[in-house]
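Visitor: The chain contents come next:
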Amino acid sequence: MTRRPDRVAASKPFVFTAALLPLALLVLATRNGSLGPDPVATLEHETGLWALRFLLATLAITPLRQLSGWPWLLRYRRMLGLFAFFYASLHLVIYLVVDLGGFWAQIFGEIAKKPFITVGFLAWLLMIPLAVTSTKAMMRRLGRRWARLHRLVYAIGVFAVLHFLWQVKWGETIAALEPVVYAVIFAVLMLFRLRRTPSRAG
Amino acid sequence: MSRYRPPRLPSSTITPESVWLRRRDFIRAALAAPFALAGCTGEGKADAAPVPAAPAAPRRALDVAVRGRYATNDPQTREIDATSYNNYYEFGTDKDDPARNSGRFKAEPWSVEIAGHAARTGRFALEDLLKPHALEERIYRLRCVEAWSMVIPWIGIPLADVLKRFEPTAQAKYVAFTTVERPREMPGLSYPVLDWPYREGLRIDEAMHPLSILAVGLYGRVLPAQNGAPLRLVVPWKYGYKSIKSIVRIEFTERQPATSWNVSAPHEYGFYSNVNPEVSHPRWSQASERRIAGEGFNLLGNRIRTLPFNGYAEEVAALYAGMDLRRHH
Chain A
2 MTRRPDRVAA SKPFVFTAAL LPLALLVLAT RNGSLGPDPV ATLEHETGLW
52 ALRFLLATLA ITPLRQLSGW PWLLRYRRML GLFAFFYASL HLVIYLVVDL
102 GGFWAQIFGE IAKKPFITVG FLAWLLMIPL AVTSTKAMMR RLGRRWARLH
152 RLVYAIGVFA VLHFLWQVKW GETIAALEPV VYAVIFAVLM LFRLRRTPSR
202 AG
Chain B
34 MSRYRPPRLP SSTITPESVW LRRRDFIRAA LAAPFALAGC TGEGKADAAP
84 VPAAPAAPRR ALDVAVRGRY ATNDPQTREI DATSYNNYYE FGTDKDDPAR
134 NSGRFKAEPW SVEIAGHAAR TGRFALEDLL KPHALEERIY RLRCVEAWSM
184 VIPWIGIPLA DVLKRFEPTA QAKYVAFTTV ERPREMPGLS YPVLDWPYRE
234 GLRIDEAMHP LSILAVGLYG RVLPAQNGAP LRLVVPWKYG YKSIKSIVRI
284 EFTERQPATS WNVSAPHEYG FYSNVNPEVS HPRWSQASER RIAGEGFNLL
334 GNRIRTLPFN GYAEEVAALY AGMDLRRHH
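Heads up: the sequence lines are chains A and B, in that order.
Going by our numbering, the first residue of the first sequence is number 2, and it counts up by one from there.
Going by our numbering, the first residue of the second sequence is number 34, and it counts up by one from there.
No lab work stands behind these hints, which were simulated from the structure alone.
Fair warning: this is a prediction, and the values are worked out from it, not measured in the lab.
Don't take every hint at face value.
[Claimed, not checked] Computed far set for chain A versus chain B, every beta-carbon distance over 12 angstroms:
no., residue
1, Pro6
2, Leu21
3, Ile62
4, Leu65
5, Leu75
6, Lys114
7, Ile118
8, Met139
9, Leu143
10, Arg149
[Stated by the list, open to error] Chain A regions said to be covered by chain B (calculated; three or more residues, Cβ under 8 angstroms):
no., segment
11, 35-48
12, 125-132
All residues carry an ideal CB built from backbone N, CA and C; glycine is no exception.
Extracted from the complex, chain A is given alone in its bound form:
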């Protein structure tokens, strides 16, 4: 058997660049003033959406790997998870600095008292320990506890989906399918994990 080149390692710079494309497009659109009448709302919405998309992509790795039998998929997971954190951080910074900048009293009030903002903030907070412990050295140091700690991603998923669903007006979810679609994708990814355990045992 000849030694094959490490395709995953070679592809990572491309995946990395692709993951930065949404940001590049947003920066361009901001410069061109083509973000629509309420550009701040568009920036908030888009960065939030990309955070959620990367989070769901991260959560899709395990099911995809098991369905396809391609173990190498796992090697993209950390990068996807870190990009979820990256876009979530952008989302938060835009909300705090660009949108609410200067209205500091209101910021604390909203994070503490408005449940949909509280859960969003919580989702971001919980991502910090996962990002910090995402290095190989940390994995080694934490050993078995690493996997347990990183199960936090399920809670993050619940909070992120709630954050999106909750801000939509009452009854509007019927027509504004987007938050529901993301919630369903998340639910499917979670159900897969529940189903997997008994079927393996049997």
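Given chain A's structure and the hints, the job is docking chain B onto it.
Guide: Relative to chain A, chain B alone:
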């Protein structure tokens, strides 16, 4: 004094239907141009096509007799923004849905049914309803309950002047309004987002207040469908959803009428819905707002403090003397 005149369009000014149907493509192409160019020149700004300053289809101009009453000096929202960023769920729930999905909407001919406790009731053609009145421009702040706001030059007539002609009786304590319900022209109606048709209401003294107007136009021209053509309410001291669009029915009632958002989520939307920075929405604060206005575009500094009664406290606060505005939100 100019009066409202029914439309008389020379056929040469009518946009051919084929062009009208493709209007979104022009806008889309204009919007996409900066994206297409910016990447290859590195001088995106110089090459970028400007965002169109006015909607693609020209709307009929209106003769305005009175200007300057209740005109705010705040910088105005661009017409393209006020006519492309709308909440009109009968055409869809996204902000650009109303402009995109209202192409089939027919605002002419139009009639309004006047009903309830009044000496004169019945169905009236819009022209007859408007004929005796001079058109006025009112430059009002519009505060959406979603915490963004605009400054819009409306053209209309005082609601009181119209209502008085029907001689409401002593039993007329409230005025109820209903929006048209035409599923074939309004695709959003196929979703049960609200209990259609859309309904709103005012207390009679609110309706008779000189700030309350029935609008037929904005920016010097008739209302486009997405802004509530051909006839809508504008009540500037209340959240935007009170200013009901495309009105087909006005009824004088003795009891407080049911209003759509209040029926849908009573804990979030009250009957009065006066702009009030002190009473926050259950899910977000109403203390400040993002102002969509002015030329050019700035990411920072759009947020401003929300004023009680949207800055019209001097004119309207007396209407609510002695009322607990937190309870009657």
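Visitor: Indicate, hint by hint, whether the structure satisfies it.
Guide: Now the hints, each set against the structure:
| no. | hint | in the structure |
| --- | --- | --- |
| 1 | Pro6 | 31 angstroms, holds |
| 2 | Leu21 | 14 angstroms, holds |
| 3 | Ile62 | 31 angstroms, holds |
| 4 | Leu65 | 31 angstroms, holds |
| 5 | Leu75 | 34 angstroms, holds |
| 6 | Lys114 | 8 angstroms, violated |
| 7 | Ile118 | 8 angstroms, violated |
| 8 | Met139 | 36 angstroms, holds |
| 9 | Leu143 | 38 angstroms, holds |
| 10 | Arg149 | 34 angstroms, holds |
| 11 | 35-48 | holds (count 8) |
| 12 | 125-132 | violated (count 0) |
The structure shown violates the earlier hints numbered 6, 7, 12.
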